[in-house]
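Residue numbers (the numbering used here), protein chains in the order written: chain A, 1 to 323; chain B, 1 to 759; chain C, 1 to 158.
If you're looking for bench data, these hints aren't it; they were derived computationally from the structure.
Note that this is a predicted model, so its numbers are computed, not measured.
Where is the CB? At the ideal position from N, CA and C, for every residue including glycine.
Some hints could be false.
Claimed, not checked - To be clear about the criterion: a stretch of chain B counts as covered by chain A if any three or more of its residues have a C-beta under 8 Å from a C-beta of chain A, and this derived list gives those stretches: (1) 43 to 52; (2) 110 to 118; (3) 673 to 681.
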Amino acid sequence: MRLPKFDYRRPERIQEACAILLDQPCAKLMAGGTDLLVNMKHRAETPSTIVSLKALPDLDFVQKTNSALRIGALTPLKKVYNDPFVAAKLPALAIAASSVGSYHHQTMGTIGGNLCQQTRCKYFNQSKWWRSSRPLCFKAGGELCHVAKREGVCYSTYCGDVAPALLAFGAEVILTGAHGLRQVPLEEIFSGDGKTPLKIGRGEILTEIVIPNQAADGFSTYGKSANRGSIDFPIVGAAVWRSSSTGESRIALTAVDRKPVRARRLEDFLEGKQLNEETFQAVDGLVAKESRLMPSSIDSLSYKRKLMGLLVQSALSEARGGE
Amino acid sequence: MEKQFSVVGRRLPMLDAAAKVNGSAQFTDDLMLPGMLHGKILRSRLPHAKILNVDVSKAARLRGVKGVVTGAEIPDRQYGIVPKARDEYALAKGKVRYIGDEIAAVCAIDQEIAEEAVELIEVDYEELPSVFDPLDAIKEGAPIIHEGVANNTSFAIRKEFGDVEGAFAASHLVSEDSFYSQPVNHAPLEPHSAVAQHDPIRGQVVLWSSTQIPFFLRRNLAATLQIPESRVRVIKPKVGGGFGQKIDMFAKDFCAAWFAMKLGKPVKFTYERDEVFIGTRQRHPMYLKVKTGMTKDGKILGQQFLAYADGGAYNSTAPTMMALSCFFLMVPYHVPNLLYEGYHVYTNKPVGGAMRGHGIPQARFAVERQLDMMAERLNLDPAEIRWKNSIKAGEPHPGGFVINTCGFAESVRAAAKAIGWKEKRGKLPFGRGVGLGGASFPSGVTNMSHISSGAVVQVGQDASVNVLTGAADIGQGAETVIAQIVAEVLGVSLDDVRVTAADTGATPLDPGTFGSGVTVRAGNAARIAAESVKKRLFECVADELEANPEDLVAKDGVIFVTGSPEINIPFAKALKAYQYKDLPMPLVGRASWMADTSEPTTLFNQPGNFSPSYSFMTQAAEVEVDTKTGKVKVIKMATAHDCGRPINPMLVEGQLEGSIAGGMGQALYENVITEKGQVMNPSFLDYGFPTTLEVPEMESIDIETDDPVGPFGAKEAGEGTQLSPAPAIVNAIYDAIGVHFNELPVTPERILKALEERK
Amino acid sequence: MKQAIALEVNGDTYEVLVSPNQTLLEVLREKLGLTGTKKGCDLGACGACTVLLDGAAYLSCLMLAVDAVGKKIVTIEGLSQGGELHPLQKSFVELGGLQCGFCTPGIIMTAKAVLDEEPQPTEESLKKKMAGNLCRCTGYKKVLDSIMGATARMGGER
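Bound conformation, chain A alone:
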């Protein structure tokens, strides 16, 4: 399956990359390429220009500062989870990064690319010929969403492993544009719209992830349920962080909606409560309220629903063990 034709750009400075994006509305950024190139072979994405980020200097780092852990967007996932600080203090991130795809994807794929991956759908992640059995779907440029069986919507699902861990840490990201940069909560870059899942300004590039120091002061884990022990996207993934000083909890899920979601209702419920069998009883119901499960994958919804609560409960009971 050959890649479609495209213009290839390989800027050596971020500003140059931003300028290309502004100039070429149909350009796409490529970091590791493990997500984009698959979609391009399927003609599910056909950018006019690929802006390869592989020549950008200085975005491959894991750096501890006084207030935060800063990770360059082009840092390979393997380097992230092998970082001693991440491994010791931010286990949710280490587990999530090491559960992405296979060892190869962890070698090639970057943390920024993982966050910005495309949403997935059984009607979208297929070859062009396969998709010709049905009308073009909304995400691919048509009208109809085959999942919702409605026009003008897209119920593809966000399946990234790393995002929930970072959401649970309250991480922020730095978006660099032609005229400077801004730091926003990670949550804000996800639109919740399946067709264009990222809410990043035109000409902006996600260049850095900032994890506040507070995140290292607490329990964290990431639970992933997948068909196999490797390669696969999550059927459901859930990250839990619980502060050791304040008892505050943050919980985030993936593969349950068009974006990674924070389980705020559950977080609020857990506020000031002991983790025990009684509080766990509320988990299923509260988590379900945060999700928007749609049959966008071959996995059954009822199984996904069961797993969501289960993964969160099991993470919370692990957290309890540490308290």
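Knowing the structure of chain A, use the given hints to seat chains B and C on it.
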């Protein structure tokens, strides 16, 4: 004690192992011929439709496109691997019958242009009503998929042995249960590929193809191209796994040859992964109803089967598959009375074909599950019920099988012991359990002239041995095994033997790799050819050794007199002696071999001894069920296997281990999911067969028997062992959580659902 | 637009004319004739196309050839030195860690990357890192045994 054999029975590396580890082994897609063109096939996007018009004009005009062909242009000649069931065109004529059916093909100067061109072909369809389930397809008024095939039933078989009703009446317990086995894709790592070249003067086509059946492919290709067989030469390069999926001609073979003939240039067609999943073959999904009658102490008195196989859009191996499914219910257990009724039904879905086990795994799953269910009701040990019902060597067989050797009962005991049956069965904590499954498989078929193998063994002046065999090594090590047999006969080392194989223009006839007949059939041909060489060599050196030729032995590079190893002549010197006597060189031995039998069978019409020998095996699984997530971890799988005498135990073990992974895939992971006939998971990602992280600890136990027919006592190895892992695992799940699963695959979701219902 | 690039493969520099949309896998196989690297799925889900880029295991089907400029690329053809098989290769031959051999080059290249970063892997770690290399023939047992067997052979040599 002197060991019996020097080369046979040794764990030797494959002859081509070095080429496979250093990247020099050439598979079909690795072939690059000068001026080679590249092809691509247009497949139907609809499950059932008339083709009203195919407009190729835009595609033909694209720069770099050299040719386009549609079904309308090719000869009106259907093909199929089973002669009585031919129903397929390389490119569809008039109508398409499943999403993926081939409509047209293009040929261009490079792959990129071919892919672009195929998208420019415009097809006008008239969509027809479709049917996706065989139980719907057999109903009155269901859409007709092939004209003239009533109820979409392309093959039906009904066989009765003994008196089933009488058996049920005499039974203490009669149980009737329903089972379903899902579609499974072979998913060989190598996508199907073909390269063709044409000699316009001699009119000869050479086809390099990823095939398991070079000689049958030659026949099908010649027939569909409407040229004499003598004008087609099929060469099998390395084949990257087949498991039955490469037993057939495919559109890529025909189209490569077609364009090579039309355009005068070499042409390559290689399938994409989703084409392999959708457009080749899969294991037949099957609905089975099984009724079994037993005595109080668990003796099987009679069994009745009703089977509906979902064949998808075409027949492929349909009649053979159904017949195997029927006949192999009568091994490994003694079933004195049997009634089997089976139907192969067309649907508008991907095509069923031969897959490791070929119709038997579906039936085996049902029987092995039901045995456990009945054992429980009779309060008997499932292991005991298995060895108690074991068929025995030499006893009369209701279907006419001649069982010369049978290690089944012993295999049950050995596998049970290896898994810790006594200590574990029914005694492990909730969520853990052990289970057994038994099986038997043929070693090729008897009495079919067209299923014969030839071999030529040639010894040169330098005493090197060259073997010509038509056998198709698809990664299982057939060439190595044949070389070991020849080396053993001639008493030389494996390093002295070279093999040339699977080239219809150079090697003798061989039906190919299917039905697990290669070692016995091609191995025997090679053995006899080598023996004829040896005989003449012995005759030549007998004088010199002052012995009768009959008293000579060839072993470890030396020919010596039985009982007096000091009276000897090295093999190389014997060759010199042969030449000094001015006898004609090279020394050549030839043989043609087919499995003969005193009990004739034509498989479809009359019972009889189906195979020259039968392998037997029991697999024992230990599983752990995560009762929260429903995930099943197979902790260990022990296989006790009677494959006669293993020619190469390392390769046999490899077969067993591979079949465990395949069987556990079928039990727990794999399913070709379709939605209105469209395959929803045509990728390695979504199909999800097991990785290093899923496979269990594996233990292989050899139950050695010495078969009188097989070369050096060898029988089939490695296909039968994929029959019993799935039921062993599902039986172990029952032991773990007390739930009977009679449908495959047993997914985590189904486990959770069942656990909830149990509460 | 095609462009001339220089790729360093197995220690040699090759100048090739490529389009940006050509993957490293396509260029290795079709332009350089290095067909030992296999295309199993072309979508990064089987590992058959694994090559080393600066020592790390890369899926060459998901790598643009133009992005491989400046990297040291090693393919299966470049693993053995001076006519001698690499210890990993020898181990696979002797312990039967292969059957059809189609996935074998990718498996060996991944194993090389794994052992270079972790010379004595635990069984669990090895299984996890090798899980991206699918094999349909062996059931993986002898594959893993072969890699473990090679760790002893390789000793300090790397």
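Here is how each hint holds up against the structure:
1. Proximity of the region 43 to 52 of chain B to chain A, defined as three or more residues with a beta carbon under 8 Å from a beta carbon of that chain, is established by the 3 residues found.
2. Check on the region 110 to 118 of chain B: 3 of its residues sit with their Cβ under 8 Å from a Cβ of chain A, so the three-residue criterion for coverage holds.
3. Counting residues of the region 673 to 681 of chain B whose beta carbon lies closer than 8 Å to any beta carbon of chain A gives 4, which reaches the threshold of three, so the coverage claim holds.
This entry satisfies every hint, going by the numbered hints stated previously.
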